[in-house]
Amino acid sequence: MSTTNPAVDTTEIAQPTEPFSATAWRLHPRVALRPEPFGALAYHYDNRRLNFLRSPDLVALVKSLQDHPNPAAAFDAAGLEAHRWPAFEQALRALAASDFLQPMDAAHR
Amino acid sequence: MATLVLGSESAIPSCLMEPTTTLDNEQATELVDQAEDFVEEELLVEEISIDGMCGVY
Amino acid sequence: MTALTEQLKGGLDAPICLTWEITYACNLACVHCLSSSGRRDPRELDTAEAKAVIDQLREMQVFYVNIGGGEPMIRPDFFELVDYATSSGVGVKFSTNGSRITPERAIDLAAMDYLDIQISIDGADATTNDRVRGQGSFQTAIDAMDALRDANFGPFKISVVITRDNITQLDEFQALADQYGAELRLTRLRPSGRGVDSWHELHPLPEQQIDLYHWLLAHPNTLTGDSFFHLNALGDENLPGLNLCGAGRVVCLIDPVGDVYACPFVLHDDFLAGNVRDAGGFARVWQASDLFTELREPQSAGACASCGQFDACQGGCMAAKFFTGMPLDGPDPECVSGHGELALAGVGIEARPESTSNHSKPVTVTLGSTRR
Numbered sequence: 155m156s157t158t159n160p161a162v163d164t165t166e167i168a169q170p171t172e173p174f175s176a177t178a179w180r181l182h183p184r185v186a187l188r189p190e191p192f193g194a195l196a197y198h199y200d201n202r203r204l205n206f207l208r209s210p211d212l213v214a215l216v217k218s219l220q221d222h223p224n225p226a227a228a229f230d231a232a233g234l235e236a237h238r239w240p241a242f243e244q245a246l247r248a249l250a251a252s253d254f255l256q257p258m259d260a261a262h263r
Numbered sequence: 329m330a331t332l333v334l335g336s337e338s339a340i341p342s343c344l345m346e347p348t349t350t351l352d353n354e355q356a357t358e359l360v361d362q363a364e365d366f367v368e369e370e371l372l373v374e375e376i377s378i379d380g381m382c383g384v385y
Numbered sequence: 119m120t121a122l123t124e125q126l127k128g129g130l131d132a133p134i135c136l137t138w139e140i141t142y143a144c145n146l147a148c149v150h151c152l153s154s155s156g157r158r159d160p161r162e163l164d165t166a167e168a169k170a171v172i173d174q175l176r177e178m179q180v181f182y183v184n185i186g187g188g189e190p191m192i193r194p195d196f197f198e199l200v201d202y203a204t205s206s207g208v209g210v211k212f213s214t215n216g217s218r219i220t221p222e223r224a225i226d227l228a229a230m231d232y233l234d235i236q237i238s239i240d241g242a243d244a245t246t247n248d249r250v251r252g253q254g255s256f257q258t259a260i261d262a263m264d265a266l267r268d269a270n271f272g273p274f275k276i277s278v279v280i281t282r283d284n285i286t287q288l289d290e291f292q293a294l295a296d297q298y299g300a301e302l303r304l305t306r307l308r309p310s311g312r313g314v315d316s317w318h319e320l321h322p323l324p325e326q327q328i329d330l331y332h333w334l335l336a337h338p339n340t341l342t343g344d345s346f347f348h349l350n351a352l353g354d355e356n357l358p359g360l361n362l363c364g365a366g367r368v369v370c371l372i373d374p375v376g377d378v379y380a381c382p383f384v385l386h387d388d389f390l391a392g393n394v395r396d397a398g399g400f401a402r403v404w405q406a407s408d409l410f411t412e413l414r415e416p417q418s419a420g421a422c423a424s425c426g427q428f429d430a431c432q433g434g435c436m437a438a439k440f441f442t443g444m445p446l447d448g449p450d451p452e453c454v455s456g457h458g459e460l461a462l463a464g465v466g467i468e469a470r471p472e473s474t475s476n477h478s479k480p481v482t483v484t485l486g487s488t489r490r
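Residue numbers (our numbering), protein chains in the order written: chain A, 155 to 263; chain B, 329 to 385; chain C, 119 to 490.
What the hints contain is simulated information worked out from the structure, not anything from laboratory work. The hints are all genuine.
List time: in silico SDA-like cross-link candidates among lysine to any residue, alpha-carbon distance up to 25 Å:
| hint | chain 1 | residue 1 | chain 2 | residue 2 |
| --- | --- | --- | --- | --- |
| 1 | C | K127 | A | P210 |
| 2 | C | K169 | A | L187 |
| 3 | A | K217 | C | E177 |
| 4 | C | K169 | A | D200 |
| 5 | C | K127 | A | A186 |
| 6 | C | K275 | A | A186 |
| 7 | A | K217 | C | L122 |
| 8 | C | K275 | A | D200 |
| 9 | C | K275 | A | R184 |
| 10 | A | K217 | C | Q125 |
| 11 | A | K217 | C | Q179 |
| 12 | C | K169 | A | R184 |
| 13 | C | K479 | C | S217 |
| 14 | C | K127 | C | G353 |
| 15 | C | K127 | A | P189 |
| 16 | C | K127 | A | R188 |
| 17 | C | K169 | A | R188 |
| 18 | C | K127 | A | S209 |
| 19 | C | K275 | A | N201 |
| 20 | C | K169 | A | A186 |
Okay, chain A solo, but in the shape it has when bound (with noise of 0.2 Å):
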């Protein structure tokens, strides 16, 4: 059965229903992290969407959410410059918003 390859159409990217800064993230089950110079190719099997991180910090702290309570305890534990966090913020919610993040309490889809 084929899946929607999604418009890439920012006004059809649904937000995430969760309070985003309150929920434990995670790297969904069906995102597939390919390590590159820039940072990191990402791809969801399931949605067919392709994501390229652009900064091994962001990679690295994708990967840490899963073990912290909100992304904030997650930035603070990487050590995260404060200047830095809006845009690692916003980076979290398009990753979410594309369904490439789900809380770690989701059910698997």
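Knowing the structure of chain A, use the given hints to seat chains B and C on it.
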């Protein structure tokens, strides 16, 4: 004519929600000082269609 | 150009996706076939060799492979190979003319995971389509689409090569895709394979390219395989995609006998990087071949350096230049600023390379001319 979708070069803008982290004055100053870093980090996540590369049919 | 695209021009340790033609055999004889397909090559990779390629793709973490041919479903081990790939974590899209998608086969396909299907047509009606793909081919494709729909396969792709004749049918193509809940894909005609003979009659006219550019901007959900980035020079807005030539950098082609080319549009010895049967297999060819190493070096803008549009169009398509006999470091034959036309007019027919891989059957579909 239908609405044109705008986007930077090859990137689809990442989800533009309000960050919930607040910055104090010191952090804001640091932010300006780190302008170059910040510009680069605006595009931390870029989405490209798996069909969006030339050389496959 | 973003810093990311600059990095991609330097190549990656593994392709992101690639095209794999698994057979040169085909039941059709499309006039513009980029791989000059028709007759099976006796040196075709066997099932074990094909699986070894898939094993390497998995190890390299290739996410996705575009399988084609010829007509890939003609291979007796087609389902076995597709299943082996998807079970190994390599997603598959295969391109087909639809002739082997019976209702029963459609049910089998609908049960398979991580699989996309692309049906090829080149006209929104039988008259336009069959002129290039052969009599009956349009109906065959429609029958396949019906079968997929009836089997609840889900969204498939309809892929069209844009020509002078079908470029007026863009809305009809969209309607056809909407009718089936399919995704529309429009791609560029290159003068490759058998296309070298008919390109001059089939490629879109300059004014048609302008219409196409605006249509694509108005329909951002239409897939293009990033094949129209040369049109970006027409305006301030870039079409979606990486907007760069991926050949040997993020994509490549594996052909039915295991030859690895920079992309499907340059099946020619000059763009042959190696063979999967060589020591080290596909991985070694991708990572260390002379050709790919060369393609990953910074490319000179050459004659295009003084043109303000170079950033947007990147000098166009390597294959389009090569097979029209034009220098690679100069304008694309379809340069939207007209720089290609002038250069093209100066190229004699004898300067045009011919494909060094020709598997055409003796009798081919022609565009009504007496030429072979």
